[in-house]
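Novice: Single-letter residue listing:
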Amino acid sequence: MFRFIVRRLLQGVLTFFGATLVVFALMFAGQGDPIQALAGEKPVSASQRAQLTERFHLNDGFFQRYYYFLRDLFSGDILNFNGQPVFDRLGEALLLTSKVALIAIIATVLFGVTAGVISALRRGGIFDNSTLILTLIVIGIPAIVLAPLAQFIFGIKWKIFPVIYTSDQPVWSLILPGLVLGSLSLATAMRLTRASVGENLRADYVRTATSKGMTRKRVIGVHVLRNSLIPIVTFLGVELGNLMGGAIVTEGIFNIPGIGGLLYRAIGVEDGPTVVTIVSVLVIIYIVVNLIVDLLYAVLDPRIRYE
Amino acid sequence: MQVRRLASWTAIPLVAALGLAACGSGSDSGGSSAGVVRIGIAEPKHLIPTNTSEVSGSQVLAALFAPLVDFDADNKPVEVQAESVKTTDNKVWTIKLKDGWTFHNGEKVTSDSYINAWNYGAYGPNAQDNNYFFEKIDGYAAMNPLDPDGTGPQTAPAPSANKLKGLAKVDDTTFTVTLSAPFSEFKSIIGYTAFYALPQAAWESEGKLKADFENAPIGNGPFKMKGTWKHDQQIEVEKYDGYAGSVKPTISGAQFKVYQQPSAEYAALLANDNDVMKAIPAENLSTVEGDLGDRYLHSPASALSILAFPTYDKNYSNPNVRKAISMAIDRDAIVTQIFKGTQKSARSFVSPVVAGYRDNTCGAACEYKPGDAKTLYQANQGPAKLTISYNADGAGNKDWVEATCNQLKTNLGVDCTALAEPKFADLLTKVQNKEAVGMFRMGWSMDYPSMENYLGPLYTTRGSSNYYGYSNPAFDALVAEGSAAATQEAAIAKYQQAEDILAQDLPVLPLRFGQNNYGISTKVKNVEIDLFNRVDLMKIEYIG
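In order, the protein sequences belong to chains E and Z. Count the first sequence with numbering that gives the first Met the number 0 and you get residues 0 to 306, in order. Count the second sequence with numbering that gives the first Met the number 0 and you get residues 0 to 543, in order.
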């Protein structure tokens, strides 16, 4: 197991460098005039241009700039094009985005998996059919429609939740955006669970267990559920990464100063250091989460051994 | 493995989530307490006076700093921090400060507070956004040597000075400013954000600003910082009891909340969670009157939208072709249909907010006469294909540019393409390289209320925002004469003559004057938004 982890971490290092190189190359290739982008619709003086060009090595070659970027990234004092430290902004933004993503994941596990199990057990019943239709609708509505709708109904009309994120109600005001964000993966998780549990219910080992005289509760709770969780854990692992990166829409609508908004604005002003740093951090999160998912397999299914 | 262990595995993320959720709570006090108004802004770029050129940052700085002069109802400069601003020849200006003013840390406001701050802003290598505001002061050139070949491979030489020669201290409350050429409107310029004073505490060493100063700027204004700048979240200020100004605010503080998107801010306004939203987003214009009723307000703004011609392109070099295009555009229709009446159609080259503005200086060229336009266009063999470039990052440009193109198609019988550039920077790069972009959109908001601030940067040969290559020596001479004129009246007379030349040459077409369209909550009254799109914090009142 230990060797497996070490091997995976080494692979992670390679993935990290590969991914940052690609993103850096894309930023580099697609770059117009970052100094003018920063100044907006105002004129830029020659001396200001010269100063910023030198400070951010804008005239240097690709590999030189990639080297400067890596050097600054690892020494921790990487500056954005406004001259402010990237990591100062990143830490808080990451924390907020993680909170929203975790609320989304918890909602997915609580409602999605539970509903999936119930549907599978009562296949063809009223609950099954109604949740199927409901998930179809939810999957069909993109977040960009769902989020303002939820904000309008629950925030402005019924005043159940705060309209936007406020720092004096840090948890309460994140519930609604978290639920909106989670609703998409909730639907997928529910259908995945339903299919997986449904399949396992017909498996030989279930029939064996039942004929042995085991209670139905134990058969489902221990045998069926544990075997059915493997695809769901895989899905959730990938989904956590997606939620971290894909929160741009939800964060904008609920005014959460998270990673999504930071990334969106950095791309807008062609702020290479910020964009590549954020992507690098997201890559690390992906790598770590996927490693955890792989380790969870072994926990769920004792037949899986990593050497 | 037992069920218990399985449960412990699923419990880990739950515990982590609760832990994460717990660490952020408690520390902030963001809600509206008595007398604190909440104003929506975007994340400021900087909070250093000489480095702040966008509205969000200058809104915050206007709370923290007092200007030398402010503008009255007629947009004439009136002294605030200055006791007097005097000159005899428009070249040497003597600024006397009021005695007894202090910064928020108790430090006295002296001539040095201004001289040090201005020198910092004017020094090229400091790369301040407002650097160009100091260019009229003697000694600026030595601090900002020109690049010998523009954006070419050579680099500019190092500056030979790090102080403005034109600034001289007389005593603790008096200093003189010598300009490199006489300029009658200098008193208006010093009302701008770039000219605030900085305390001794701002400096790490001479000419070097403390790195974290802008996270908690110390000013001499009616409000002081409460805590530090919470990036991407909020900036809070509270009343400064030692403020020496004659007009004092009635509110006890202001909370500038940073909104990521206008839609979020609008939702907060509807829920009464935000007190002032300075610009209603375009997508809400159709419902805003129903949503807010009489809490939806308007005030004049200084913005001017123009359609610029690349005069270096032979397709557009004939003024009669330009006139024909102008006459084929129905400005009023676009204002009502696309902008729902939130802007006003423009037929002059300067905004109505400045002294010296005259209605309809564009004359016959801006009258909507599709028939005459077509005749004139064909007689002058205008190009069969027109293009209007715009930047897609500016909200709402696409709609009106396409509408304008459709009008040109119908009225002139030509082909017209609306061409999007992803960013304004891309458009500027192409224009500066004199690439074929066709006509292009431009906008201008003034830095100080004066006709010169429109005529100089936009249309003079060396104007900082003259991207269309327009050059007319007679026009340049008139603007220069106006700047050197002895009185404001004499200056305006010259500027108006210069404007008349524009009406004949038509390097650009005036299209629309901007307007502040803002919404307020039920908790505030007397909300005024000034020409710089800032909420007037001395007038706003909290009614709870």
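A portion of the hints provided could be inaccurate.
As the list claims (entries may be wrong) - Some chain E residues close to chain Z (C-beta under 7 Å, calculated; not the full set):
1. 36
2. 40
3. 49
4. 50
5. 191
6. 194
Since the hints were derived computationally from the structure, they do not count as laboratory data. Treat the numbers as computed from the prediction; the structure is a model and nothing was measured. All C-beta atoms, glycine included, are put in the ideal place defined by N, C-alpha and C.
Novice: Against each hint, give a clear statement of whether it holds in the structure.
Specialist: Tested hints:
Nearest Cβ of chain Z to the Cβ of residue 36 of chain E: about 4 Å, under the 7 Å cut. The hint holds. Taking 7 Å as the C-beta cut-off, the interface hint given for residue 40 of chain E holds, the closest approach to chain Z being about 5 Å. Because the beta carbon of residue 49 of chain E sits about 5 Å from the nearest beta carbon in chain Z, less than 7 Å, this interface hint is met. For residue 50 of chain E, the interface hint holds, the least distance from its beta-carbon to any beta-carbon of chain Z being 4 Å, beneath 7 Å.
Interface restraint check: residue 191 of chain E against chain Z, minimum CB-CB distance 16 Å, threshold 7 Å, status violated. The closest approach between the C-beta of residue 194 of chain E and any C-beta of chain Z is roughly 20 Å, which is over the 7 Å cut-off, so the hint fails.
The structure is inconsistent with the numbered hints 5 and 6, although it conforms to all the rest.
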